[in-house]
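With chain A's structure known, arrange chain B on it following the hints.
Quick mapping for you: the protein sequence lines, in order, are chains A and B.
When the letters of the first sequence are read in order and numbered with the working numbering, they come out as residues 1 to 347.
When the letters of the second sequence are read in order and numbered with the working numbering, they come out as residues 1 to 589.
These aren't lab readings, by the way, just hints derived from the structure by calculation.
Predicted, not measured: the structure shown is a model, and the values here were computed from it.
Treat the hints with care, since some could be wrong.
[Claimed, not checked] Ranges of calculated distance between the beta carbons of each label pair, as one might list FRET restraints:
#, chain 1, residue 1, chain 2, residue 2, range
1, A, Gly146, B, Tyr417, 25 to 31 Å
2, A, Ser58, B, Lys548, 54 to 60 Å
3, A, Asp239, B, Asp201, 24 to 30 Å
4, A, Arg151, B, Ala428, 43 to 49 Å
5, A, Phe132, B, Pro422, 34 to 40 Å
Where is the CB? At the ideal position from N, CA and C, for every residue including glycine.
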Amino acid sequence: MLGVSVLVFFLFQLVRFNPAYALAGEAASTETVANISRELGLDRPVGAQLLTHLNNLSPLSRHALDPAARNYLEPGSVKAITIMSSSSHRWVLKYPYLGRSFQSGRPVASLLNATIPNTLLLALTAMMFATFCGIILGMLAAMQQGSWLDRSITAGSVMGIALPSFFAAILLQLIFAYLLSSFTGLKMTGNLYEADEYTGQIYLSLRNLILPAIALGIRPVAVITQITRSSMLDVLHADYIRTARAKGLGSGAVVYRHALKNALIPVITSVTGWLASLLAGAFFIEVVFNYNGLGLETVNAIKTKDIPVATGAVLYIALVFVLVNMLTDILYGLADPRVKMSSKQTS
Amino acid sequence: MSILSIRDLTVRFAGEQGTSTAVNGISFDLQKGEVLGIVGESGSGKSVTSLSVMRLLSEPGSIDKGSVHFGEDAPVDLLSLPEKEMRHFRGNRISMIFQEPMTSLNPVFTCGFQVDEALMLHKKISRKQAKTETLRLFEQVQLPDPERIYKAYPHELSGGQKQRVMIAMAMSCEPDILIADEPTTALDVTVQQTILKLMLDLQQQNGMSVIFITHDLGVIAEIADRVLVMYKGNIVEQGTVEELFHNPQHPYTKGLLACRPPLDKHLKRLPVIADFMQEQEDGSLHTTPISVQDAITRETISTADREARLQQLQEQDPVLQVKGLKTWFPSGGNWLGGNKHWVKAVDDVSFDVYPGETLGLVGESGCGKTTLGRTILRLQEPTGGQIIYKGRDLLSLSSKEMRDLRKEMQIIFQDPYSSLNPRMTIGAAIREPMTVHGLYSNERERTEKVIDLLEKVNLSADHFGRYPHEFSGGQRQRVVIARALSLNPSFLICDESVSALDVSVQAQVLNLLIDLRESFGFTYIFISHDLSVVKFMSDRMVVMNKGKIEEMGPADAIYHHPQSAYTQRLIDAIPGGGSKAEVERRKPE
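If we strip away everything but chain B, and leave its shape as in the complex, we get:
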């Protein structure tokens, strides 16, 4: 008997050019005690589905038709309930966790109060009883020092801790159904793993049903029993995790499975969804009958080839040498300006980068990897050490010499949404650095160059006059890459450049970076918290922890034979590409 039964649900969004269908007559059931994964890329309608169940859809979206029946014995149609009765279900029988822990908690109330509020509302208990209950919940979601967290405001907590508070809030009234909408996407891989484990434990203790929404099939493998694959508002495939992973039917599912960087093999490029299917002008799909295995095997490079490449690279003189680099930030200190404490973001770090090489830099948030990247470009002044680029010490250069050198060294940032000026067409945005540095003789030549760059990053000349909001996340990141390339750099630092993107889009951007490396011979420093992505991209990799280098060496060697416990932890945190059984096997106990 299913606890939630959705039939023929259709959701439309009213826009300026008529209405668009976000969810197109989907039907599915959720069993009691089951973890149902819903997977799909941004815009596939997965979040809209969950918001419709909660009746939290905001303008201009509206539920066109369909029914959502809740309950085992006497099902009620949630969609036809009056708003007042619906409130008894929200937070009580069905609760929800959202993607952005940073903005999902109210900044002006303490974390404790926000959980108390739900308890007092649904359980009709006093403030004091609610506090006891909240502290117990905080304990249950493994928050350190529950008394302190109870009194803390959201901005005083880390992202992972906020998400735990959200989970405590969602769990507070022992709901029958928990809907988790990308609860770990904004978090580091290591934090993601602990949150997933926590959710699974809580689910098993309480025997509740969970709908888990994500764009990443790897995460689904860790947590779900059954999976729905959504594409453009339709369910294109559903089945158990084992069925889906071992025998995917729909080309879109195959694409999603293949586009995660694999751990056991080394690929030249990542397979993308376009390898499996292409949408025609008329909206129909053209599919390529190829299995996931074949698509991966096609791109595999042998270990011998990799070793030969690495050896070849290391025979050259290094293009960049970092020696004993330190970047310390003052903290505390007294009112006279004297400093007693330092935050050692980068502490005595040394490494070499060879021409044409990709050096991966991996570690958790706050390990100093971003500061290191910024220090190398002198966007942040170091406290000590040397940075030698092509035989010149960058720290001894004047600001004018440094400006000239910046043409050669570019950085691509994490967030493609905030790193483009919303009031500037993307063509102008790409052209601007060239104008600033006086490249090419006139605007016409620069414009030609911009169009050339747009084509290199798989956009077209038509895109020149458009504004950033007209582009998707992946397209924006390509625009940012094109802008970095406009000055003909030879050295690029990619700081979490793909972390904000869907897995399927991430594969496209990674492929683009690899293609560019092939055709222009770029040298990259590739920074990420996700060891699987770094392993795919890099020749060698540096693992950073608390400002220091934990270990350094060829990417494959580090993955297969990690020397430190910290590296092992990063490896374990990679969401499994296999089934739940494989995940169980990898667990330490």
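Okay, chain A solo, but in the shape it has when bound:
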């Protein structure tokens, strides 16, 4: 995580664009820009900026007691416990502090925390849709290998892999939310929570999740279909399947009990791998459907040169990747008893 934070910091430094210009507007005088720069700490040397940045992120950090100082930690910005203090400074234990948005002045963490459940819900729905459809399609294809069904599923999945997700999104939007909107009742854009036009009451609108989730899920469906199909075909020719049939088991028990669990091992790896990369895909989808998630927030932040928000978003995504990879290992161990064994041996 430290590596990611340093890398992201330098990436934004490379842009060599002073966000103060964007904030001040086109007509602003040089003086105004300089004032804004000083206020945001952008006039300081790069090294000093990096140290402040890392100090803010670190769970254990040193802050000045003087409210005018650069590294003063505003009370209430983040949960913190002082563990040691001297006349001018104090050491605190705290949650990582991501700073405040240049644009709105709100703490970055609260901005992102508001959007992340929307994105996660979108990604998870897409993934559930993809896993469910992918495994069923893959199994259907494998069981009837060589039939017209198998061939059309395989052909469809090749197209699904080739289709860029933003294009799929626009296509779905056009067909279901514009041309067929009276029939489907779906809207072109929308958020998870909507305010009623008359009463102003906020309500949950899961309807707005359908099209984005499908658009996001198309590629994973195609990939999971192909992986399930090929791993199922491998497993169906394995010796232990012959043993299961020799036991007298019916084809249902052979396929669903003996073959499926083995065939799903490679699928689990790919599902969890895709969950992480879906976050990247969500960027496009959220922009197209104007869906208020982490992706839309990040894209807006980059457009307006709101560096703290963009940096924070990247860190959030990196964290999600790490967590998802840990989840993969756990799931893998549950599905395949051999993994547990080998980890026991190496430890």
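Chain B alone, transformed into the frame defined by chain A:
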């Protein structure tokens, strides 16, 4: 009254070049309580026959015609039953054990569950009752600690233990017929013996009928009452074990009988099937009328000749001296990387090898013989000791000097299927080591050398551009031998080089190794778990157990006067070349 009656069974396989007949209208009966052996080499149709009885034949094979009647009083034709009714027979009335215990059990379920499943299905009992029954079965097949095995996954068990689980599963519903398809081929000789004994005991207790399929007539002698010999989809001979062993009629049967290394005599070369019959271009057989006895006697070497050869060999200076060699592997240990435990794969081993000699290395799986072979070539770094080859200590050589020396020292591995790259023609595979070591001045000369080598191992120049999948197991092993010979080595280590092959093919490869020794004066270290093969090949033999040398001496002396109980056990495990009566006589009790 027979319990299984097969009439005119024909099985065809649809291939790219039309259909081929795997089983050609065979008919036979299986009596109640009888052990019927079916013997033949790979591709003779013996497994296809058994799978047809179970109706488990998979694409592209299909049953063309014939009938399989099961039952004594009111026989049913299994081949005309609907699939749903057939399931009541599978695993219940007829069950099957397969060749590969490693892959025949489902890796994601516990062994206990896999046996429970069959019981719950056919006996309609609860999970709890099934567990009690399974534990009883595990006890019956002599698995140690049944409670632990019940909860264990297949990968946590040894090959022999997995095969016992398979047997427990097959026996669980007290079937009328048990079909065992090469159940011991993938196992060590000593494990094979215990499994055979177990199957025979269970068969006698339950009075069931057994069809036992194998390529090895020695194994058949241990277990069967009656034998069918299959060759190219036909039954060429059948009879009781005694009849077959003492008065074989068909030349193929004679060949199979003669090609097992004999224990009481010492042969120059092994008789092979080609000594008894040859297939002509038009598919007809040309037979040589010679008896098994004559074929063996023709090749016998006298004891005096052997002793003279051994003495002559030992008068030279040893080419390889191994002194106090140790190869230990770390195990356990803590997270700091410190090691508390060592697995002593090779522990303080010393021996000499003389030029032109074949030193046999024999022992069970896990005794350290493979590690020893690899350590001598420094494919595995030793923990301590000395390896002196032609007066130079190999352990003090730099990696470049060692690379030069590898030209002289080659190893031939066990599995001819995985040791060849499937995407490389065999010609290129044999040529590659020469290119790497810069032998000969150009590719053309190397190619000529490759063709020369192919001819030496009884293949031809036509084979140069073919890919490994076009070859049979025996041919592949010859390709591997040709590749090892491409660098003109003088010292060869054969690590279980013939263990994966049919007995009849094994004889051909062993003969090839002997011919090469005669014409090039190679020195061999020959590693195997089968004492009969080692005895045939070697001048002297080393018996290894748990990383240490159990005993060492002239091959004949060890066989006839074993000093340790462990060697005796290896000798007893050799499948009998004689009848059941002889086997009974050899049993300790």
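*Mind listing which of the numbered hints don't hold for this structure, in increasing order?*
Hint check: 4 fails alone, others pass.
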